[in-house]
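Here's the letter readout for the chains.
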Amino acid sequence: MTMRRSRTSLIAGIIGWVSAIAMFFPIFWMVVTSFKSEIDAVVPSILFKPTLQGYVEVNSRADYVSFALNSVVESIGSTLLALAIGLPAAYACAFYPGKRTKDLLLWMLSTKMMPAVGVLVPIYLLFRDAGLLDTRLGIVFLFTLSNLPIVIWMLYSFFKDVPTPILEAGRMDGARFWTQMRYILIPISMPGIASTALLSIILCWNEAFWSLNLTASRAGPLSAFIASFSSPEGLFWAKLSAASTLAVAPILVMGWVTQRQLVRGLTFGAVK
Amino acid sequence: MATLSLRNVTKSFGALEIIKGIDLEIEDHEFCVFVGPSGCGKSTLLRMIAGLEDITSGDLLIAGQKVNDLPPDERGLAMVFQSYALYPHMTVRDNMGFALKLAKVPQAERDVRVERVADLLELRPYLERKPGALSGGQRQRVAIGRAIIREPSIFLFDEPLSNLDAALRVQTRIELARLHERLGSTMIYVTHDQVEAMTLANKIVVLRDGRIEQVGTPMELYHHPVNRFVGSFIGSPKMNFIKGRVHSVSDAGVEVLLPGGGTVTVPVSAPAIAAGDDIDLGVRPEHLDVDDAGPLAGTVIVVERLGNETFLHVEISPDLILIAGADGACPLQVHDRVRLSVLAAACHVFAGDGAALPALARHPLATNPI
Chain A
1 MTMRRSRTSL IAGIIGWVSA IAMFFPIFWM VVTSFKSEID AVVPSILFKP TLQGYVEVNS
61 RADYVSFALN SVVESIGSTL LALAIGLPAA YACAFYPGKR TKDLLLWMLS TKMMPAVGVL
121 VPIYLLFRDA GLLDTRLGIV FLFTLSNLPI VIWMLYSFFK DVPTPILEAG RMDGARFWTQ
181 MRYILIPISM PGIASTALLS IILCWNEAFW SLNLTASRAG PLSAFIASFS SPEGLFWAKL
241 SAASTLAVAP ILVMGWVTQR QLVRGLTFGA VK
Chain B
1 MATLSLRNVT KSFGALEIIK GIDLEIEDHE FCVFVGPSGC GKSTLLRMIA GLEDITSGDL
61 LIAGQKVNDL PPDERGLAMV FQSYALYPHM TVRDNMGFAL KLAKVPQAER DVRVERVADL
121 LELRPYLERK PGALSGGQRQ RVAIGRAIIR EPSIFLFDEP LSNLDAALRV QTRIELARLH
181 ERLGSTMIYV THDQVEAMTL ANKIVVLRDG RIEQVGTPME LYHHPVNRFV GSFIGSPKMN
241 FIKGRVHSVS DAGVEVLLPG GGTVTVPVSA PAIAAGDDID LGVRPEHLDV DDAGPLAGTV
301 IVVERLGNET FLHVEISPDL ILIAGADGAC PLQVHDRVRL SVLAAACHVF AGDGAALPAL
361 ARHPLATNPI
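In the order they appear, the protein sequences are chains A and B.
Residues in the first sequence are numbered consecutively from 1, following this note's numbering.
Residues in the second sequence are numbered consecutively from 1, following this note's numbering.
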């Protein structure tokens, strides 16, 4: 019995480690490559002399700080905007559901099922006519809209977990919508709101399709920064790796620090 | 302090009518209990009074003012929820003071009032704790404290004791009765437990399927149920029902033919009943006695000994099992043959439609019908 159990856990352990290494290896390789010279990078060498050459060249060719700042402003800005819209929307769906609330939620989610490229031309034209091309504001709007379904869904499921009598007790005590939000609902579902915000920031940070198509140097986030190093005249692996490492490092660190929160949030309140 | 009136109040969810026209007056200082089986609409009715559910039609008056459209906090009510519904992220102090905070009562006054209520409920040592660190009974007291602090004219209780264990339930029931005595406020209390209803209420409202079956004092409902449903709902163990036939009707009452041949004359007036009609004879277990000269003969199938009394389940015929109350020292065993007599004066006669025939004399504890 114990033999079998220890063998099962051994197999599970091996599977877990193999898949973790398989997922982590590309990132590891990218970081390693970023410290190589271009020659060492092209010929996949294990032993090499570490150099910061790649980072130096990347920084001399492009302004990392301005791209990073764009990423921060755009992902945090759109997350805040999405929360500002998503909180009341999720409140309405969770506590005052109508006959069509479920349909409404599914319809919102269905917008995520369409390939983004399908609306590239209309969005591009709208942005051009509104003067939003290559502006932070435009990207904030777009990120907000594209993440709103997920934000609303997550908040909705967290709100569903708040026992209704608590809100009713609040109503008896004199709490109207805003006071209810401020003193009861938001504090109670803070862990859920935090993980929703984290996920939204991560999704925005990693977004590439719209950033590449709608921004250039002024509003381009870090994903555009990486792309600018994959040039048609031949790939410079070390420089590309250095740029990528710089781009993913902040969000990687954030994800690492907040992973407990994230995992709890992503189980969608299934475990109480 | 206030009176509360319901005038032909109804509630519908779409086409489904939950509350089907309720007329009720609740007097100042009264302890009024809504009781009924689950799904009878008692909680919905309480929530309508609270303002948590809309009133579909009819009027709700508090102290003579129509309050149908007032939000909950402007009705001068406080509610204690079945699940307590404490704010989990706030301390006991903040939980109790929340309504005052929203009403912009200054911090200093808030503290004084919170501490006064905490003393009343013996919650002083727990003021800085969060609800998660309290026992069930303490949470219950916080929930009551949160209601008291607002000094409401009417308290609403939605099955407040159902989450407590048996011993604590009895204790809290007594505390609630004392609290009512001390505060003198009007209280409206919902329960499905008829013992709570009997022990706490000045006035019991028995509900079924969104309608009031009967309103009265506990003793009135016990001694003079208006129909079979109220008869069976009030009293524990339940009232026995014996299918019988009217043998004769006289000024002394209705003589009922019992299964097995005997008769019993129940002192009820029977203008619309004639010899030969089928009726139900209602007899409470405490009004059936073990008596060798009794008209009902059967076999004991279950003996429930409570110490001070014994309940005998007696099979008279395969489709008639009666519960009889007996002395705590009753020596009878399962399979014993037994004869039962019926205390005729305490019996009820229910006509074919379930309505009770009115008793000729009212019980001394139930002389003043509400």
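Just so you know, not all the hints are guaranteed correct.
What the hints assert, rightly or not - Looking from chain B toward chain A, a few residues come up when the C-beta cut is under 8 Å (computed):
(1) LEU52
(2) ILE55
(3) PHE81
(4) PRO88
(5) HIS89
(6) ALA103
Stated by the list, open to error - In silico DSS-like cross-links for lysine-lysine, where the CA-CA straight-line distance does not exceed 27 Å:
(7) A:LYS112 / A:LYS160
(8) B:LYS130 / B:LYS66
(9) A:LYS160 / A:LYS102
(10) B:LYS20 / A:LYS160
(11) A:LYS99 / B:LYS66
(12) A:LYS112 / A:LYS99
To be verified - To list a few chain B residues with every Cβ distance to chain A over 10 Å, as calculated:
(13) ARG7
(14) GLN82
(15) THR367
In short, the hints are calculated from the structure, not lab data.
Bear in mind that the values here come from a model prediction, so they are computed numbers and not experimental data.
Built from N, CA and C at the ideal position, the CB exists for glycine as well.
Evaluated hints:
{"no.": "1", "hint": "LEU52", "in the structure": "holds (5 Å)"}
{"no.": "2", "hint": "ILE55", "in the structure": "violated (16 Å)"}
{"no.": "3", "hint": "PHE81", "in the structure": "holds (5 Å)"}
{"no.": "4", "hint": "PRO88", "in the structure": "holds (6 Å)"}
{"no.": "5", "hint": "HIS89", "in the structure": "holds (5 Å)"}
{"no.": "6", "hint": "ALA103", "in the structure": "holds (6 Å)"}
{"no.": "7", "hint": "A:LYS112 / A:LYS160", "in the structure": "holds (22 Å)"}
{"no.": "8", "hint": "B:LYS130 / B:LYS66", "in the structure": "violated (38 Å)"}
{"no.": "9", "hint": "A:LYS160 / A:LYS102", "in the structure": "holds (13 Å)"}
{"no.": "10", "hint": "B:LYS20 / A:LYS160", "in the structure": "violated (31 Å)"}
{"no.": "11", "hint": "A:LYS99 / B:LYS66", "in the structure": "violated (31 Å)"}
{"no.": "12", "hint": "A:LYS112 / A:LYS99", "in the structure": "holds (23 Å)"}
{"no.": "13", "hint": "ARG7", "in the structure": "holds (23 Å)"}
{"no.": "14", "hint": "GLN82", "in the structure": "violated (8 Å)"}
{"no.": "15", "hint": "THR367", "in the structure": "holds (39 Å)"}
This entry does not satisfy hints 2, 8, 10, 11, 14, going by the numbered hints stated previously.
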